[in-house]
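Numbering (UniProt numbering), first residue to last: 1 to 121.
No wet-lab data here; the hints were simulated from the structure.
Treat the numbers as computed from the prediction; the structure is a model and nothing was measured.
Heads up, some of the hints might be wrong.
Quick list of in silico lysine to any residue cross-link-like pairs, SDA-like style, CA-CA up to 25 Å [unchecked claim]:
(1) LYS78 to ARG63
(2) LYS50 to THR66
(3) LYS33 to PHE97
(4) LYS24 to GLU115
The following label-pair restraints were derived from C-beta to C-beta distances [stated by the list, open to error]:
(5) ARG32 to SER95: 24 to 32 Å
(6) ALA14 to GLY60: 36 to 44 Å
(7) GLY60 to SER95: 30 to 38 Å
(8) ASP59 to VAL110: 35 to 43 Å
(9) HIS84 to LEU121: 29 to 37 Å
(10) SER92 to ASN62: 37 to 45 Å
(11) ILE112 to ALA14: 14 to 22 Å
Backbone N, C-alpha and C fix where the C-beta goes; we use that ideal spot for every residue, glycine too.
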Amino acid sequence: MNRTEKSMGDLKQALSREYNQVNKRLFDAGVRKQQVDCIGNKIVFTTLHKRVYAMRTIDGKNRELTRTLDVMLIDEFKQHLRKHFTATFGFSIVSIFKDYDPHTELAATVIILEEDVEVYL
1 MNRTEKSMGD LKQALSREYN QVNKRLFDAG VRKQQVDCIG NKIVFTTLHK RVYAMRTIDG
61 KNRELTRTLD VMLIDEFKQH LRKHFTATFG FSIVSIFKDY DPHTELAATV IILEEDVEVY
121 L
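Construct the entire structure; sequences and hints are all you get.
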């Protein structure tokens, strides 16, 4: 294993840990399962969450309301993630995209950086 592979592995572990910390601070719960991939200037998180019981209950009665709440929570999460990752890793973030499927409890988050991830190793 060369230095870049080891460093990339270390960075991915740190990214995973810090992503989970942001999730815990905002939602009072960590993710159930997580995968991190770094591709050029993109960091991609694929995560499995546990949907809050109250949201799951309301989904069946008023999906429009829970969809609005999901979007608000996603926007809040992205703000926290941007601030935390900029401070922790020194990333220059262009944009963050996130979506969540309440039926499968899967989420995908894509962070686009100004430079390739390897620049930050």
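We went through each hint and held it up to the structure:
For the hint pairing LYS78 with ARG63, the CA-to-CA distance comes to about 22 Å; that is within 25 Å, so the pair holds. This hinted pair checks out: LYS50 and THR66 have alpha carbons roughly 15 Å apart, not beyond 25 Å. For the given pair, LYS33 sits about 19 Å from PHE97 by alpha-carbon distance, which is consistent with the 25 Å threshold. Restraint check: the Cα-Cα separation between LYS24 and GLU115 comes to about 28 Å, which exceeds 25 Å; the hinted pair is violated.
Taking the beta carbon of each, ARG32 and SER95 are about 26 Å apart, inside 24 to 32 Å as hinted. Take ALA14 and GLY60: their Cβ atoms lie about 39 Å apart, and the range 36 to 44 Å holds. Restraint check, GLY60 to SER95: a C-beta distance of roughly 33 Å satisfies the suggested window 30 to 38 Å. A hinted range of 35 to 43 Å for the beta carbons of ASP59 and VAL110 is inconsistent with their spacing of about 25 Å.
One distance hint, 29 to 37 Å for the beta-carbon pair HIS84 and LEU121, is violated here, with the actual separation near 19 Å. Taken as a hint, the range 37 to 45 Å holds for the pair SER92 and ASN62, whose Cβ atoms sit roughly 40 Å apart. At roughly 19 Å, the beta carbons of ILE112 and ALA14 sit within the given window of 14 to 22 Å.
This entry does not satisfy hints 4, 8 and 9, going by the numbered hints stated previously.
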